[in-house]
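Model the full structure from these sequences, guided by the hints.
Spelled out, the chains give:
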Amino acid sequence: MIENRPFLKFIEHLVLILGVLVVAFPLWMTFVAATHDAARMGQVPLPVLPGPHFFRNLDVVLNEGLWGGDGSGVGYMLVNSMIMALLIAFGKIVISLTSAFAIVYFRFPFRMGFFWLIFITLMLPVEVRILPTYEVVAKLGMLDNYWGLTVPLIASATATFMFRQVFLTIPDELLEAARIDGAGPFRFFKDILVPMSRTNIAALFVILFIYGWNQYLWPLLVTTDQSMYTIVMQIGRMLEGAEEAPQWHLIMMTALLSVIPPVLVVLFMQKLFVQGLTETEK
Amino acid sequence: MLKRVHFEPSLLPYLLVLPQIVITIVFFVWPASQALYQSLLVEDAFGLSTQFVWFENFEELFADPHYWDAFQRTFLFSFLVAALSMASALLLAAMADRVIKGSGFYRTMLIWPYAVAPAAAGALWFFIFDPTLGVMPYILQFFGYEWNHKIYGNEAMALVIFSAAWKQIAYNFLFFLAGLQSIPKSLIEAAAIDGAGPGRRFWTIIFPLVSPTTFFLLVVNVVYAFFETFGIIDALTSGGPANATQILVYKVYNDGFVGLDLGGSAAQSVILMGIVIGLTVVQFRFVEKKVSYQ
Amino acid sequence: MASVTLDNIQKTYPNGFKAIHGVDVEVKDGEFLVLVGPSGCGKSTLLRMVAGLETVTDGSLKIGEREVNNVEPSKRDIAMVFQNYALYPHMSVYANMAYGLKIMGLGKAEIDERVKNAASILELTEEQLERKPRELSGGQRQRVAMGRAIVRKPSVFLFDEPLSNLDAKLRVQMRVEIKRLQESLGITSIYVTHDQVEAMTLGHRLMVLNGGNVEQLGTPLELYEKPASLFVAQFIGSPAMNIVDTKMHENGNEVTIAQNVSLALGGGRLKDRAGQALKLGVRPEHLVISEEGANTLPLIVTLVEHLGADTLIHGHFGDDKTDLTVRCSGTQSVKVGEKLPITASLDHIHLFDPATEKRIEF
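Protein chains in written order, with our numbering: chain A, 1 to 282; chain B, 1 to 294; chain C, 1 to 362.
Read the hints as simulated data drawn from the structure, not as lab findings.
C-beta atoms are modelled at their ideal positions from N, C-alpha and C, and glycine is treated no differently.
All the pointers check out, no bait thrown in.
Using C-beta positions, here's what the derived DEER-type ranges look like:
(1) B/Leu-11 <-> A/Lys-139: 26 to 32 Å
(2) B/Leu-18 <-> A/Asp-37: 53 to 59 Å
(3) B/Ala-87 <-> A/Gln-226: 41 to 47 Å
(4) B/Leu-18 <-> C/Asp-167: 46 to 52 Å
(5) B/Gly-199 <-> A/Leu-140: 55 to 61 Å
(6) A/Phe-110 <-> B/Gly-199: 52 to 58 Å
(7) B/Ser-10 <-> A/Phe-90: 24 to 30 Å
(8) C/Val-304 <-> B/His-6: 52 to 58 Å
(9) C/Glu-130 <-> B/Glu-8: 34 to 40 Å
Not the full set, but computed from the structure, chain B residues with beta-carbon under 8 Å of chain A:
(10) His-6
(11) Ile-23
(12) Val-26
(13) Trp-30
(14) Gln-34
(15) Val-116
(16) Leu-124
(17) Tyr-253
(18) Phe-257
Given below as structure tokens:
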């Protein structure tokens, strides 16, 4: 379409560039803070351009921790976060795949009952039932381990609904062809359904990885043993300490470390990320 | 719902749904019924005895001006987060939908905040608005404004609203952009031939046509502001100063884990569950409608 | 190789809908049977019952000597080609064909030999075997679907409208290939279609279904020359047979078609129908333009279609403007509004009872 409005074109780009700058501003400041030393970070005005101490700060944060802290770094917290995110993502995908398979491809008593039971989970975010859930986990002896961190977050109506949607779009003839080929339920699931849903699985994985990695309140409650801390909850703990002895260069380095893995996932798997985001909202 | 063709009945489907069902019962149904039950109990300060008190906890809650404050605050907070985030996202999406050069770059640069943990987002803005060191208070000082959200409740509220909206722009932007791009080009072209300029086209054609997306996002944003902003608030203000940023979800946590008022916290949980169920129903009604109009 | 025997096969769905009212047929070893009828007539249901994809409500279904009513699809020694091909989209062409054989537990060498053999029969190249179904054209996908059937070396081939997703030209080409393939392999085949041309050209015998009932079972020529009912008469042949309301004269010897136009049947053969209303059918290609004369129908031409080899003349006659279509070979210089004298020879006249819609022999 021919539209000769150079000024409008200019405004469009201007708005977008301003948007990008506002959105990116805090991350830039975080990065800058992580490249200076403590002395520079205590002076007003704070720097807006990077300094030379990035790798030293990184080393300190990973291996030593905050000054005045207990002297251990946050490296293992990154590992904990990674384990938690992966367990949640894998767990959700596996149990959602199997339950969607059962609900779509089998007719059995209580099928709809199970469906509604799964539906309930949609209505009960963990924040809402936080205290009783904590008590249940405590009763089951699941505090301070990976099970307590992940299993209560694994049931997911959204993922089940998404796979149900995907399976419903797979033509019936494919199941018939498979039956003529002699494939039973297990083979059909393994050889046909799962491979056919692999981009949906990958897209969902991206979303769930981010979801798992970013958990904050739940790990805060169920972990008291420092060896189980995750990087995201560590940020909250550091900010509490920031009142007395602000070590912004180290706090922001930690924040940077907690942000980088999921952001990289979004940037490098953008297509899957967008697909996952829109599919789970169907 | 069910395939026309399906497998023979056997034990297998039960085994397949078992993990999901067990987790749902243990970690959803059980705690939720516990919350229901506890909301009807009062426990003494030492946890030695409990007493069944029917709806006394609820009566107490509704008689408590602090709870009403938190209620109003939550609605104000949610409304402003949704409005701010959706308006900026729609503006950006409308621009990105129009530009041809660089639209991929803009999109990439606008969606990454989705991946930032709420708590980390809180930390980022905490640093920028730190009253003694932060960049923003430093700039505001030049305009003669003394920023200190640690003392002034309104400023604290503005800060959490701003941070929560910032994180949600990515999500809203993506959905608005998808909504805009699904509008048939021929409609825009027809309007252009009818003589409508870009601004007029936006308000008379484009905006009405993305209204389903707008409504959907409104519900999603309210849910987000209600329940998923805990990390942001905890990192930024911990509900302070003087409870100025304590929204309902934060109060449930605070009264339960810090104040150790089990009955009161449980009663609040029950009310929140009611709100989620209401929002879910609204959302599903909407999805159903969308399906039947297709 | 096997025959397929259907003995009073019935299908009632759980909601009470009766899809098949009782079908008897013996498909002989090596025979090509076509099930044909309009959509919803039950032809696909019948085929799917033979495949084992639908349960049989009543009756007995035999493949060879074995009753298979309760045998799983994969154990029936059949292969099926689906309307939308039903190829596994994530597997290569080779893997699609090999999948069933793998489940059967055949060895790698055996599988490879069978797949390569089927590929050469169907003229699929080595390179095409490595591709995914979506990278192939419609016709090639159709070949792969047939290949998947061939490699199983089944006793019976089942085809469920396999050509309906192809364009007209390709459909003709694939039709010829299916016919050739079935003849060279000699495998008993049951083929479902709603296209009467496909049915006529492919089948040794045709079964015309309507509303879950068999209207007629016979060779293509039997169906064309002696349609058993009004339904078959109008379903087989294109353009469809002309049907005209007539009345049998009191003498039982001639039918009145229009004012002053009657047709002598000779010999007073239908005395018992004297005075009754009858439906008379005559195919467009059996009507001829003749000289103006006593017993000709005056057809007012309303539309002329030039097909090249043939010309279709549409028009009407009589006070109630009964529609009639005439097919003439070659090109005809006929104009709209013209009045044409039409006759038909007695050999090509069909009579039907208006109430039962069954054929009346005379």
